[in-house]
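Asker: Below are the chains, spelled out letter by letter.
Number of protein chains: 2
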Amino acid sequence: MSQTFAPLPEVAHQHAVFPDGLPLDCGAVVVPLTVAYRTYGTPNADRSNAVLVCHALTGDQYLAEPHPVTGKPGWWESIVGPGKPLDTDRYFLVCANVLGGCMGSTGPRSEMTDAEGRGLGRPWGTDFPNVTIRDMVRAQKRLMEHLGIARWLAVIGGSMGGMQVLEWAATYPDAVLAAAPIACAAHHSAQNIAFHEVGRQAIHGDPDWKGGCYWEDGRIPARGLAVARMVAHITYLSEQALTRKFGRRLRGANSLTFLEDVFEVESYLRYQGSTFVQRFDANSYLTITRAMDFFDLAAEHEGDLSAAFRGTATRFFLASFSSDWLFPTSESRATVRALNAAGARVSFVEIASDKGHDAFLLEEPEFHAALGGFLRGAAEKAGV
Amino acid sequence: MSQTFAPLPEVAHQHAVFPDGLPLDCGAVVVPLTVAYRTYGTPNADRSNAVLVCHALTGDQYLAEPHPVTGKPGWWESIVGPGKPLDTDRYFLVCANVLGGCMGSTGPRSEMTDAEGRGLGRPWGTDFPNVTIRDMVRAQKRLMEHLGIARWLAVIGGSMGGMQVLEWAATYPDAVLAAAPIACAAHHSAQNIAFHEVGRQAIHGDPDWKGGCYWEDGRIPARGLAVARMVAHITYLSEQALTRKFGRRLRGANSLTFLEDVFEVESYLRYQGSTFVQRFDANSYLTITRAMDFFDLAAEHEGDLSAAFRGTATRFFLASFSSDWLFPTSESRATVRALNAAGARVSFVEIASDKGHDAFLLEEPEFHAALGGFLRGAAEKAGV
Chain A
1 MSQTFAPLPE VAHQHAVFPD GLPLDCGAVV VPLTVAYRTY GTPNADRSNA
51 VLVCHALTGD QYLAEPHPVT GKPGWWESIV GPGKPLDTDR YFLVCANVLG
101 GCMGSTGPRS EMTDAEGRGL GRPWGTDFPN VTIRDMVRAQ KRLMEHLGIA
151 RWLAVIGGSM GGMQVLEWAA TYPDAVLAAA PIACAAHHSA QNIAFHEVGR
201 QAIHGDPDWK GGCYWEDGRI PARGLAVARM VAHITYLSEQ ALTRKFGRRL
251 RGANSLTFLE DVFEVESYLR YQGSTFVQRF DANSYLTITR AMDFFDLAAE
301 HEGDLSAAFR GTATRFFLAS FSSDWLFPTS ESRATVRALN AAGARVSFVE
351 IASDKGHDAF LLEEPEFHAA LGGFLRGAAE KAGV
Chain B
1 MSQTFAPLPE VAHQHAVFPD GLPLDCGAVV VPLTVAYRTY GTPNADRSNA
51 VLVCHALTGD QYLAEPHPVT GKPGWWESIV GPGKPLDTDR YFLVCANVLG
101 GCMGSTGPRS EMTDAEGRGL GRPWGTDFPN VTIRDMVRAQ KRLMEHLGIA
151 RWLAVIGGSM GGMQVLEWAA TYPDAVLAAA PIACAAHHSA QNIAFHEVGR
201 QAIHGDPDWK GGCYWEDGRI PARGLAVARM VAHITYLSEQ ALTRKFGRRL
251 RGANSLTFLE DVFEVESYLR YQGSTFVQRF DANSYLTITR AMDFFDLAAE
301 HEGDLSAAFR GTATRFFLAS FSSDWLFPTS ESRATVRALN AAGARVSFVE
351 IASDKGHDAF LLEEPEFHAA LGGFLRGAAE KAGV
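Chains as they are written, first to last, in UniProt numbering: chain A, 1 to 384; chain B, 1 to 384.
In isolation and in its complexed conformation, chain A is listed as follows (with noise of 0.2 Å):
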C-alpha cells in the first residue's frame, strides 16, 4: 500500500496569501499565510449574502464540484446548489481549507519558512507549529477581510466545521448574523481524544512516517494513515447503519470456506482506508486531529460555556442526530442550555436518524428542511 509522497496536488487552488502571517495560539508565527478556498454562487452588491462554511476534519474548500483528486461529488452536494438548503441562486458561498490542511492552505504539506518568511526548501511536517480551532477562525477572518465581506450572513458547518462555528460566534459576535454548528460540541470528550489517538499511534508506528519526515524518501506512511481512517470511519456510522449496510455478509458465497472469507464490513474498511490516503496527508492529519482534541470553548472562557456568548446577537441553530455517538444529541443540548443561559436566540432539533455521526452529509430531508428554513429566516432579517 506504500504511496508516493506528493508536495501539494497538481489542481489549481483559489489562495489568498498574507505575507505578514498569522499569529498562533502557541505563539508562533507562520509567515506567510496562505488559504485556500472556493466559491458559490454570486455575491450581491454588499456582499451581504456570503455564507461561510467550515468543513470537518478530513473535509476540504471543494464543497459542491468533483474533488480534484479523487473525482468524487463534493461532500456537501446534498444540500449545496440551486435551490437547495444552501442556495447557490441566493447565496454566495465561501468554503476554505483549514490551516493546517493539505488542499492548498498553510499546513504541514506547505513549504516550511522561516520567521520572515523565507521558504527553507522542504515541508513543515512535524516542524508546522500546534495549532487551535480558534487559529483556523483566525486565518479564515483573514480570507473574510481579503473577500472585503463585512459580516457573514450565516457560518455553518458539521463535526469539526461545527467546532469553527461556535469559535466564530464567540470570537467575533459581530461578524455572524447567523450561526449553525451542526452535530458537534463545545469541547472534544475523553473518549474522542482516545480514538483519535489511537489513529496518531497508527501513524507513528508507521515505519513509512520516518519521525515525520516521509518525504525524504517520496513515500507517505499509507499503512498506518488507513488504520488511523478505519477506526475514524467506525465513529462515523451507527451501529444499526452497519448492521443495515453490512450485517455479518461474507464478501464470497462459500460456506465450505467461509473461515477463509472476508466479511464485508472489513473490505468496506479496508477500501475506505485505502482511497483516503491518496487525498490526505498524514502530518496533518496529527495536526487537525491534535487542534480538535485540543477545542474547548468554556476553557477559553474560564469554564463557563454561556460566557463565550453573552450579549452576542447571533441567532443560533443546532441540529443534532439521534444515532450519532460520536457527537451525541447530549453535546449539543449542554451547548443549547448555554446559549439559553447567555440570552442567546436559538433553536435546536434532534434529528431522527440511524446514520450516525455521517447523517450531517447525507440525505436527510427534515435536517436540510430546517437548515434550510433557519437559513431563509436569517437573509429575510438582512434583506438578502
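Think of the hints as simulated: they come from the structure by calculation, not from any bench.
Treat the hints with care, as some may be off.
[To be verified] Computed list of lysine to any residue pairs in SDA-like fashion (alpha-carbon distance at most 20 Å, straight line):
no., chain 1, residue 1, chain 2, residue 2
1, B, LYS210, B, GLU111
2, A, LYS210, B, HIS204
3, A, LYS245, B, SER189
4, B, LYS245, A, ASP296
5, B, LYS210, A, PRO207
With chain A fixed as given, assemble chain B onto it according to the hints.
Answerer: Structure of chain B alone, referenced to chain A:
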C-alpha cells in the same frame, strides 16, 4: 517499543495433552492437542461441584491468582475465592486457556506439527488453522473428560467467555446443568467485526510482524499489537467511564505549554498498549478475534437461534450492563427471547452501571449477588 519474541512464557502450566489431536470446523486436525488450565477449590467425590469458567479474548487460565508474566492479580478475583460468588470453598473451578491462545494451549505460538504430530521446529504462526468458538469448546470438552467430570455444575463466562458458554449449552446440553453467559451475544455484530479488523490491520501493518513470521528475527510486532489493544480497550469502557476517569485532564499542569502536553486518557491508552504486548501473542490475537467474528450460533442452526436450545434442561442466567456498547443489552435480550422460544428456564438482569463492557470484571455488587444466587440455586438442585 520493539520487544523480544519468546516461544512460551517460562511458567509451569498445568497441561493435558491429547495425542490424537482435535478435528476442527475448518477441516484441519491439530495433533497433538494441548490444553493448559488451572483449577481452584477442591473437587467433591463425584466431581459434581465442578464449574467451568471461560475466559475472554485476552484472558487466560489465571482466574484467581497472580499472572505469571505480569504479576497482576487474577482477572476475576473480584468474584472468585472463599465466600465469594464463585466460592472456592464450595465449588471446584476449572479455567482453561482457549485453543488458539498463547498461555500454554495449542495455538499459533506452539510448535507447528505435521498430521502425525511430529514437531517441525518452528511455531505455527499464521499457518495455525482458523478456529471457531465451537472448536474452543470441543477442546474444553476433552479436558472435562480428562478430569473425570461427567457434568459441569455450571459453565460461566463473560464477553468471548459468554460465547463459549452459549456454545457449550447448545452443543453439549447434557453436560451443562447451569449456564451463565455474561455481557455477550449469540453473534458478533458488524461494528464489533469492524473494530477487530482495525486491530488486525494495525498488526499486519507493523513491519516487525513480517507476515506472521516475527519469531525469525526474535522480535514481536509490538507497535501494531499495542494499537490493536488501544482501540479494543476503548470499546471495553463507556464514554461515561472515560470521562469520569480522565475527562480532559492533561498529564502536565502548565497551561502555557498545553499544546505540547498529553491528555491523561492518551497516556493511559499508551500504557495499556505497551503492557499488553508483554503478555500476548500477535498471531493469537489474529486467530481469536477471527473466531469471535465468525461466531454466529443461529447460523449453526439454520438461522434459528431458538433451535440451538430446543428441549434443553439447562438453567440459564444472563446479565448485561447498561453502559456496555460492545455487547449491549439488546443482544442479551435477543438471546433471552430465543431461550424463551425454546422453552428454556432463563433469568436475566440488566445491571445499571456506567463502567461499560469491563463492568463484568469489576466490583459490581448487584451482578455478583445475582450470579452468586443463581449458582447457589444450581448447587442446591444438584445436591452440592
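Asker: Hint by hint, note whether the structure agrees.
Answerer: Hints versus structure:
| no. | hint | verdict |
| --- | --- | --- |
| 1 | B:LYS210 - B:GLU111 | holds, 18 Å |
| 2 | A:LYS210 - B:HIS204 | holds, 18 Å |
| 3 | A:LYS245 - B:SER189 | holds, 12 Å |
| 4 | B:LYS245 - A:ASP296 | holds, 18 Å |
| 5 | B:LYS210 - A:PRO207 | holds, 13 Å |
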